[in-house]
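4 protein chains.
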Amino acid sequence: MSNANADSLVASHDPNHPANLICELCRLFYNNGWVTGTGGGISIRKGDIIFIAPSGVQKERMLPDNMFVMDLQTKEYLRVPQSLKPSACTPLFLAAYTNRNAGACIHTHSQNAVVISLLYDKVFTIANIEQIKALPKITEPGYLGFFDTLTIPIIENTAHEEDLKDSLEQAIIDYPAATAVLVRRHGIYVWGETVWKAKVYNEAIDYLLELAVKMRQLGIPPDGAIGSERNTRVV
Amino acid sequence: MSNANADSLVASHDPNHPANLICELCRLFYNNGWVTGTGGGISIRKGDIIFIAPSGVQKERMLPDNMFVMDLQTKEYLRVPQSLKPSACTPLFLAAYTNRNAGACIHTHSQNAVVISLLYDKVFTIANIEQIKALPKITEPGYLGFFDTLTIPIIENTAHEEDLKDSLEQAIIDYPAATAVLVRRHGIYVWGETVWKAKVYNEAIDYLLELAVKMRQLGIPPDGAIGSERNTRVV
Amino acid sequence: MSNANADSLVASHDPNHPANLICELCRLFYNNGWVTGTGGGISIRKGDIIFIAPSGVQKERMLPDNMFVMDLQTKEYLRVPQSLKPSACTPLFLAAYTNRNAGACIHTHSQNAVVISLLYDKVFTIANIEQIKALPKITEPGYLGFFDTLTIPIIENTAHEEDLKDSLEQAIIDYPAATAVLVRRHGIYVWGETVWKAKVYNEAIDYLLELAVKMRQLGIPPDGAIGSERNTRVV
Amino acid sequence: MSNANADSLVASHDPNHPANLICELCRLFYNNGWVTGTGGGISIRKGDIIFIAPSGVQKERMLPDNMFVMDLQTKEYLRVPQSLKPSACTPLFLAAYTNRNAGACIHTHSQNAVVISLLYDKVFTIANIEQIKALPKITEPGYLGFFDTLTIPIIENTAHEEDLKDSLEQAIIDYPAATAVLVRRHGIYVWGETVWKAKVYNEAIDYLLELAVKMRQLGIPPDGAIGSERNTRVV
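Going line by line, the protein sequences match chains A, B, C and D. Take the first sequence: its position 130, counting from 1, is numbered 130 in my numbering, and each next residue is one higher. Take the second sequence: its position 57, counting from 1, is numbered 57 in my numbering, and each next residue is one higher. Take the third sequence: its position 135, counting from 1, is numbered 135 in my numbering, and each next residue is one higher. Take the fourth sequence: its position 200, counting from 1, is numbered 200 in my numbering, and each next residue is one higher.
Everything labelled a hint here was simulated from the structure, so no lab data went into it. The C-beta atom is built at its ideal place from N, Cα and C for all residues, glycine as well. Hints may contain errors.
Cut-off 20 Å, straight-line C-alpha distance, at most; resulting in silico cross-link-like pairs (EDC-like, lysine to aspartate or glutamate) [what the hints assert, rightly or not]: (1) A/Lys197 x B/Glu60; (2) A/Lys137 x A/Glu169; (3) D/Lys165 x B/Glu130.
Cβ-to-Cβ under 8 Å is the rule here; a few derived chain D residues that face chain B [to be verified]: (4) Gln58; (5) His109; (6) Gln111; (7) Val115; (8) Asn157; (9) His186.
The task is simple: from the sequences and hints, build the whole structure.
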């Protein structure tokens, strides 16, 4: 299926071309420790065309030529790179595109996400932290406020990544204000209107997950009211 | 308002031009984890002209062309970049310029700052640590000594960043020796006579905040007398 | 023994030549903190020729010209760089080549490996974490599944690195499904079919060791059943 | 005193020239968090000429032109860069050169060093960890073995860095096998026969200090016998 015509879909000198951006962002995420050991995945949508990083390739060594390209309407591959396997994340990326009209979806194995998934049951919640303001309300225009609570649903992991699709879609329905879903003992999926928004949401959420782990270790409830930290203060 | 004349305010081949320095420092701060997810802000003053990073732009991808430029005397914008919003930190940067004659002001969402703001009430204090010597006395010439106590006031966060202005100004009045103010559950503002001094103060303070968190976790009071750590020693 | 002919074994403009790859990977491992202070080692096999980083050279400053080259069948050096000593890891690398037909072997002093070796007795085990899927089954084709348990044997350290050979070989026999061996109070050896697989296994294992330390600190057994973490949840 | 003749002492295209090496190593140490906020210092000796980084300059922005140059025999400056102050570490560097014939001396504010100085009284000791083998015996040729104990004396800090000289020299006399001295609530001085050995010793020691903090937090004595960790194992 891969031919010169299909290759032109991923060959571009524009650094903002999705095939180039995926490579650049994968290097960044690798340096964050989010996608080591070929973990994680990423997809960017451009109109009705979606670009998807392949399975099993080292994220920091990805090349534009490694990208799968799919037609979002027909779900048919427009390009299949030679000797690479499609990402098992693909059905989950499609869920974000279809149900939320996302422009990009990022999946990481961030340790902060995995640890939080071990500390919380059905949802992770955090409130009254400034960084929350980087995240969108989704159900209405605009961003969360400082006094708002960020809620991220947690779904159970499955043996095969593609089998997460149903529970991810259910979480998207059950939590209409969520722009991310945690997968227990696995990692996190984050999406956004554009690739840059998805990246910023991912960074802001990971910051909050990391902070929440620290707060829990200090005995401070991450979703506690302002002043609730006084109970644990020794000074 | 933005035109060729205004654009010349931010276009320079000199790496030490404020518009270039802001971009360079934002990349550095991003790598420190201080301004991920578009968090934080920075402003540099050159005479009566101040340069301010815009709101909502990814800090590590900032370009000189993104900068707002303001006349410090008239508070009027000399340059407004197209389709960008002014930083909500602007009134706070102005407070540092006006009340302290600062040459630059840096705002980060450093997790060390947020965690310390959860562990302390009205002020953070640390004493008898060498790194304290990197910080200025402010109320008289020279730098703090090893035996001095560094005091940083903590103010309560507000729903809107600009509403921090009054309490930040009050803290500046109440703590005339402070070169920084912590904002609870939010981050820190640090200023200095020049951009490089502001950066060095910021680094030194963040080092001390990080160390104080570790000391607290080990049961050692960060502002304790030399020898007070003996109580917790097991060897 | 080193001469122009031997030098041609390590001189190449191809970045994927083993002598070049060793240098590139050592810089990466140095930045991970795995081989600071000249710690650790690495070897890559190309057919029956093996390339080995020398002893005592700073890993991030290694040059292709520093490489030892050995014939795997005769165990004779094809190239000995001037004024450098062979790595004491060499017999251990040979054990991985001989007993497992490895394509590369990596040895690091990763602190995660050392800490885990202090927390576990004969074997380290972790289960029900997605990242486990990056590791091979070895005894049959394919990779471990999410519900599988990863087992890594731990051997006791010896005064001289080369004396680890017998117990490493015994561990390879006793644990036929292992692609790595932890050395107590020392570090870890990881091998794979190719250098890239060895690197990916190393990254995935280190991720799991790091996560296991965090889980233990939170009171969650790393090899516990799904749901076992509920006992320690406070929310 | 600074003139064209003196400037030639620090101007070289050779990356291994001491003035260039100091700049390169300071950037590395800055990225390690060892010399943020202008903290720390470094000096390299070439025969009887010593090169010293100035006081108060940001370590990652140092230029060869910023270097002080001194004659080790006469203790007279051969070069004083304009408008810079000599490092307060200079007497301590001289102590390492004079008493130990060191080729370089590094001073950092590493947080691992400061934390360890709060946990130990007169000396820090660690034993039975492989990384110890990177450190020299000093009192006889060769390196420490795996079963040896590394001992680093701890001296009390003083108001002025130069006043550490007497106690540093006393520690050098009292601990003839030490290649480093910890300064309580301050940092560490490490020296070696060459700049590269000093760097490697510094890296190996910092690795061991970091590991020791982790071991203490897990309740495992860093200088305990092999097997002593069993008491704290829960698996």
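Hint check results:
Between A/Lys197 and B/Glu60 the CA atoms are separated by roughly 14 Å; this keeps the pair inside 20 Å, and the hint holds. Proximity of A/Lys137 to A/Glu169 is assessed by CA-CA distance (about 19 Å); at most 20 Å being required, the pair is judged to hold. About 16 Å separates the Cα atoms of D/Lys165 and B/Glu130, which keeps this hinted pair within 20 Å; it holds. The closest approach between the C-beta of D/Gln58 and any C-beta of chain B is roughly 6 Å, which is under the 8 Å cut-off, so the hint is satisfied.
Annotation: interface hint on D/His109 holds; nearest CB of chain B at approximately 6 Å, less than 8 Å. For D/Gln111, the suggested interface contact is upheld, since its CB lies about 6 Å from the closest CB of chain B, less than 8 Å. Interface hint status for D/Val115: upheld, as the beta-carbon distance to the closest one in chain B is roughly 6 Å, under 8 Å. Residue-level restraint check for D/Asn157 holds (minimum Cβ-Cβ distance to chain B is 6 Å; threshold 8 Å).
Because the closest C-beta pair between D/His186 and chain B is about 4 Å apart, less than 8 Å, the hint holds.
Checked against the numbered hints above, the structure breaks none of them.
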